[in-house]
Amino acid sequence: MAAEKSLALFRSRLCDTRFVHSAFKSSPESNYSKLKFLISTSISEGCNNSVLLLGPRGSGKAAVVDLVLEDLKMEHPDAISVIRLNGLLHSDDNSALKEIARQLCLENQLLFSKMASSDDNSQFMIDMLRECGLAHKGVIFVLDEFDLFTQGKQRLLYSLLDALQTLTSQAVVIGVSCRLDADQLLEKRVRSRFSHRKILFIPPPAEDIQRLQNIFSDKKFKEILNSLLDVDGTISNLLRFLFRAVSCIDMDSGFLSLENFKSAHLCTQRQPKIDALQGASILELYILVCMERLEFKEKNSYNFTSIMKEYKAIHDAYKTSDNYANMVCLRAFEHLLDRELISFTDSKGWNQPIEFRPVKLLISAHELYHGLKSNSACPAILQKLFDHESYK
Amino acid sequence: MGNEEKTPQATPKRATRSSSSSLATSPNPSIHPQTPPSLPDHLLFPQPPISLSQLLSNLPGRKPQILDIVRLIGPRNSPMLPLLLYGRASTGKTSTVLQVFRHLNRPFVYASCRSCHSPRILFETVLNQLLLYNRNKRDGYSSTKRCERPSEFVDLLRDALRKLGSKETSMIYLVFDNVELIRGWIRSSGIISLLFRLFDILKIPELGLIYVSSATPDAYYSMTGSIEPNSVYFPDYTADDLHSIFMRNQENPKLYSSFLSVVLKPFVRVTRRVDELATAFEPLFRKYCEPLTDLKLVPDEIMKRRLFVYLQPHLAASLNETFSIPLKDSFEANKEGVSTKTGSIRKKCGGKDASAELDFHMSVSAKYLLLSAFLASRNPATLDAALFDSTGGSSSRKRKRKSSQTSIDNMDDKAEEMLIKGPGSFPLERLLAIFQCITSLSEDALEEEQIGDGVTTINGRISLMSDALLQLSTLCNANFLHKSGSCPLEGSGRYRSTVDEDLAFKVARSINFPLSKYMYRR
Numbered sequence: 001m002a003a004e005k006s007l008a009l010f011r012s013r014l015c016d017t018r019f020v021h022s023a024f025k026s027s028p029e030s031n032y033s034k035l036k037f038l039i040s041t042s043i044s045e046g047c048n049n050s051v052l053l054l055g056p057r058g059s060g061k062a063a064v065v066d067l068v069l070e071d072l073k074m075e076h077p078d079a080i081s082v083i084r085l086n087g088l089l090h091s092d093d094n095s096a097l098k099e100i101a102r103q104l105c106l107e108n109q110l111l112f113s114k115m116a117s118s119d120d121n122s123q124f125m126i127d128m129l130r131e132c133g134l135a136h137k138g139v140i141f142v143l144d145e146f147d148l149f150t151q152g153k154q155r156l157l158y159s160l161l162d163a164l165q166t167l168t169s170q171a172v173v174i175g176v177s178c179r180l181d182a183d184q185l186l187e188k189r190v191r192s193r194f195s196h197r198k199i200l201f202i203p204p205p206a207e208d209i210q211r212l213q214n215i216f217s218d219k220k221f222k223e224i225l226n227s228l229l230d231v232d233g234t235i236s237n238l239l240r241f242l243f244r245a246v247s248c249i250d251m252d253s254g255f256l257s258l259e260n261f262k263s264a265h266l267c268t269q270r271q272p273k274i275d276a277l278q279g280a281s282i283l284e285l286y287i288l289v290c291m292e293r294l295e296f297k298e299k300n301s302y303n304f305t306s307i308m309k310e311y312k313a314i315h316d317a318y319k320t321s322d323n324y325a326n327m328v329c330l331r332a333f334e335h336l337l338d339r340e341l342i343s344f345t346d347s348k349g350w351n352q353p354i355e356f357r358p359v360k361l362l363i364s365a366h367e368l369y370h371g372l373k374s375n376s377a378c379p380a381i382l383q384k385l386f387d388h389e390s391y392k
Numbered sequence: 393m394g395n396e397e398k399t400p401q402a403t404p405k406r407a408t409r410s411s412s413s414s415l416a417t418s419p420n421p422s423i424h425p426q427t428p429p430s431l432p433d434h435l436l437f438p439q440p441p442i443s444l445s446q447l448l449s450n451l452p453g454r455k456p457q458i459l460d461i462v463r464l465i466g467p468r469n470s471p472m473l474p475l476l477l478y479g480r481a482s483t484g485k486t487s488t489v490l491q492v493f494r495h496l497n498r499p500f501v502y503a504s505c506r507s508c509h510s511p512r513i514l515f516e517t518v519l520n521q522l523l524l525y526n527r528n529k530r531d532g533y534s535s536t537k538r539c540e541r542p543s544e545f546v547d548l549l550r551d552a553l554r555k556l557g558s559k560e561t562s563m564i565y566l567v568f569d570n571v572e573l574i575r576g577w578i579r580s581s582g583i584i585s586l587l588f589r590l591f592d593i594l595k596i597p598e599l600g601l602i603y604v605s606s607a608t609p610d611a612y613y614s615m616t617g618s619i620e621p622n623s624v625y626f627p628d629y630t631a632d633d634l635h636s637i638f639m640r641n642q643e644n645p646k647l648y649s650s651f652l653s654v655v656l657k658p659f660v661r662v663t664r665r666v667d668e669l670a671t672a673f674e675p676l677f678r679k680y681c682e683p684l685t686d687l688k689l690v691p692d693e694i695m696k697r698r699l700f701v702y703l704q705p706h707l708a709a710s711l712n713e714t715f716s717i718p719l720k721d722s723f724e725a726n727k728e729g730v731s732t733k734t735g736s737i738r739k740k741c742g743g744k745d746a747s748a749e750l751d752f753h754m755s756v757s758a759k760y761l762l763l764s765a766f767l768a769s770r771n772p773a774t775l776d777a778a779l780f781d782s783t784g785g786s787s788s789r790k791r792k793r794k795s796s797q798t799s800i801d802n803m804d805d806k807a808e809e810m811l812i813k814g815p816g817s818f819p820l821e822r823l824l825a826i827f828q829c830i831t832s833l834s835e836d837a838l839e840e841e842q843i844g845d846g847v848t849t850i851n852g853r854i855s856l857m858s859d860a861l862l863q864l865s866t867l868c869n870a871n872f873l874h875k876s877g878s879c880p881l882e883g884s885g886r887y888r889s890t891v892d893e894d895l896a897f898k899v900a901r902s903i904n905f906p907l908s909k910y911m912y913r914r
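These protein sequence lines map, in sequence, to chains C and F.
The numbering of the first sequence is the numbering used here, which starts it at 1 and goes up by one.
The numbering of the second sequence is the numbering used here, which starts it at 393 and goes up by one.
Hint data in this document are derived by calculation from the structure and do not stem from the laboratory.
Among the clues, some could well be false.
[Said to hold, decoys possible] Straight-line C-alpha distance at most 20 Å; calculated SDA-like pairs for lysine to any residue:
(1) C/K299 - F/Y625
(2) F/K909 - F/G885
(3) C/K273 - F/R697
(4) F/K679 - F/Y625
(5) C/K98 - F/A631
(6) F/K759 - F/T774
(7) F/K455 - C/S236
(8) F/K813 - C/Y369
(9) C/K297 - F/D894
(10) F/K595 - C/Y324
(11) C/K373 - F/A631
(12) C/K188 - C/N49
(13) C/K5 - F/N469
(14) F/K595 - C/R57
(15) C/K297 - F/G885
(16) F/K537 - C/M115
(17) C/K114 - F/E643
(18) C/K222 - C/L200
(19) C/K348 - F/N871
(20) C/K36 - C/F10
(21) C/K348 - F/S581
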């Protein structure tokens with residue numbers, strides 16, 4: 001019973017990024033404090049501001065914004081209204097203006113008309129900003145995926161940042177993006193109205209990781225953690241790893257063990273191409289080896305018929321038992337295409353039959369070599385054919 | 393929440409797959425009307441839930457994956473991070489995930505990107521299921537809410553989930569199947585990013601997201617960074633797994649297992665996919681059981697040996713066939729399959745054989761047109777004069793003069809080129825000229841035959857030119873001919889034949905046409 005409760009608690013905490021990042025609230029140097037200071041000063045002093053939050057995916061930018069807004073809403077209950085836009089959904093200017101108008105209406109209990117044109121919406125937004133400014137109520141615009149708003153003419157960005165320039169409005173624009181050069185994407189007139197404040201989110205420094213590692217003094221655990229964070233040091237990667245480890249918790253004892261972490265680590269280290277090679281049938285391996293030999297002979301482009309020629313040549317030379325008809329080989333060829341181990345070189349595929357379109361290998365000779373070795377059913381002759389090219 | 397079967401009007405139409413897992417279902421419980429159950433109940437799996445051990449035995453070879461999925465989904469009412477199941481086609485991903493939900497007995501929404509082939513259909517399918525709406529004839533099969541853009545989808549999804557979750561906080565799971573097909577849609581990168589970031593955009597902990605894809609996770613990396621969901625890999629079945637899969641639901645397990653011990657090993661060398669093996673095994677098993685009078689008996693060693701010897705010739709032939717579900721019950725040895733194992737298969741060259749090698753019917757003029765197209769694509773145009781003289785006969789192709797080394801090299805190069813480039817294109821006039829030549833030739837041949845045998849032929853008069861033009865468009869539609877781009881200066885369009893040699897020889901044999909005489913051999 002206790003084990004289930006603890007499991008549920010772990011899972012709910014790991015899935016909630018805000019909980020994780022609230023641990024960093026306390027330190028004064030953190031991004032949370034910086035952002036909170038920025039917004040609260042602009043609200044209390046009644047001035048406009050714009051800021052960009054930049055950092056790789058999973059570093060907690062959106063989580064920090066949520067935390068800050070939550071706290072500010074608690075501190076100043078009526079002085080803030082929040083408008084959220086997402087670049088994936090609202091990159092088109094018209095839909096963005098519509099969404100802004102809709103959220104403004106929602107906040108202020110006004111009726112929203114879906115038929116309003118974009119001019120009406122933008123006029124409405126400007127009027128609302130003025131009214132809010134007069135009422136000393138700050139409007140905070142949060143733009144997720146900011147770099148997607150910079151495609152096209154950037155009309156929305158211009159009108160937003162332009163509205164910030166008037167005396168009567170009191171607004172903050174927060175842009176969140178994972179492209180570190182998001183401000184370079186802005187047009188000249190937009191960039192001049194932007195206040196060039198940037199808060200960078202970087203993966204947690206080494207000391208914090210040290211503190212985490214000191215929980216377990218086990219050397220193996222430190223190794224696992226190091227190799228995980230070497231690849232991707234963001235917090236969300238760590239969270240996913242922990243989630244996976246927690247889900248394997250032993251329900252009888254209710255304790256996490258090193259085995260859980262090891263198996264979670266293995267899951268993050270998959271090699272899809274080698275796995276695909278292990279699952280390939282022997283005929284498919286033959287086709288791959290033939291393609292490799294053709295590439296080794298430096299044929300610029302080859303297609304299924306040339307592969308078949310090579311295949312028949314091998315069988316004539318070695319008299320193997322795996323001699324199959326053209327149709328069967330074509331089916332194996334199509335399986336390889338599905339698994340994305342090979343692909344066509346011409347993307348248009350102008351209605352030529354499959355046998356004549358040029359193909360290429362999508363795996364390197366090294367991977368093929370390891371795949372052949374690890375495939376338990378692989379006949380020795382294939383390895384011999386492959387070793388012939390001395391790829392070690 | 394009991395196991396009652398809902399009335400047919402109440403259950404929404406599920407797009408569930410029941411393909412490879414033919415499970416022994418328990419008898420349907422009786423329908424008793426009750427107070428309407430809470431809304432998420434309608435999203436449960438329509439059949440009664442099963443236990444974990446039954447789940448594991450229903451899906452042999454998938455134990456680690458099933459346990460992994462169950463652990464990652466977690467206990468009831470516990471949030472989960474998005475999950476991606478990936479593996480090759482026909483490895484049981486969809487069946488596994490649906491059966492897991494049957495076992496867990498939790499509400500879920502299933503949408504396959506194969507049947508929902510555009511964003512709008514995908515969004516509306518998900519919303520229809522969440523809002524428990526059935527498409528019916530009254531409204532012209534329209535959906536409950538019109539939803540085209542991703543922004544509308546997110547808003548409507550939020551509303552729908554809020555409505556559902558207002559009674560109790562239970563988890564709803566969205567299963568998106570065949571996600572790799574989205575890559576072929578227009579504006580695919582936006583949709584893929586949206587789907588994989590749905591968890592972050594919505595920020596609703598009661599929603600669990602599961603993606604099923606046959607492409608590996610690196611197919612979904614986008615240019616602006618992406619979050620990789622927790623993934624579970626479905627490896628291909630090993631030979632033992634395949635054995636246990638095929639042994640399920642067999643009436644006579646001992647007989648079938650002796651059959652499998654004969655056929656499984658050679659076939660696994662060719663393909664490891666369950667669906668293809670099943671198609672190949674079915675006619676073979678019927679052949680295997682032919683000499684047995686009593687299908688229920690358990691074979692002993694001697695009988696096994698005899699059955700093996702009986703099956704062997706057909707085995708080799710079947711290895712060289714793909715996916716042929718024979719129309720007749722009798723199993724013919726394919727003449728194309730040459731086996732080096734027993735060497736006891738005779739090459740059957742039956743031209744007038746009742747078992748037509750051609751599986752479909754074509755009119756005679758269409759066959760001649762097809763052969764002319766094949767020859768026109770294969771032979772270079774300069775050879776036409778030599779091959780087809782004015783009377784339609786073919787002159788001897790044996791070059792009398794000795795070929796020098798350079799001309800041999802030239803011929804080799806040309807052969808290589810033809811191998812790479814494929815069939816050539818030809819103008820319409822050339823096609824019709826060749827057609828006329830070979831039909832006039834066969835007319836003469838048939839008339840001689842008629843005079844000789846006194847037996848009426850089935851063919852009758854060969855077609856005229858106008859018939860040929862009609863057949864041309866039919867062949868184009870059937871993808872035997874492909875119309876290449878035509879230059880307006882040149883006049884009529886150029887065509888290209890897309891038939892392979894096997895089919896051309898089959899057609900030629902069915903009308904007794906000596907195709908090999910006319911083919912350009914290097």
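Consistency of the hints with the structure:
no. : hint            : result
1   : C/K299 - F/Y625 : violated, 35 Å
2   : F/K909 - F/G885 : violated, 28 Å
3   : C/K273 - F/R697 : violated, 41 Å
4   : F/K679 - F/Y625 : violated, 37 Å
5   : C/K98 - F/A631  : violated, 58 Å
6   : F/K759 - F/T774 : violated, 24 Å
7   : F/K455 - C/S236 : violated, 29 Å
8   : F/K813 - C/Y369 : violated, 30 Å
9   : C/K297 - F/D894 : violated, 29 Å
10  : F/K595 - C/Y324 : violated, 54 Å
11  : C/K373 - F/A631 : holds, 18 Å
12  : C/K188 - C/N49  : holds, 18 Å
13  : C/K5 - F/N469   : holds, 11 Å
14  : F/K595 - C/R57  : holds, 16 Å
15  : C/K297 - F/G885 : violated, 38 Å
16  : F/K537 - C/M115 : holds, 17 Å
17  : C/K114 - F/E643 : violated, 63 Å
18  : C/K222 - C/L200 : violated, 27 Å
19  : C/K348 - F/N871 : holds, 18 Å
20  : C/K36 - C/F10   : violated, 28 Å
21  : C/K348 - F/S581 : holds, 19 Å
Checked against the numbered hints listed earlier, the structure breaks hints 1, 2, 3, 4, 5, 6, 7, 8, 9, 10, 15, 17, 18, 20; every other hint is satisfied.
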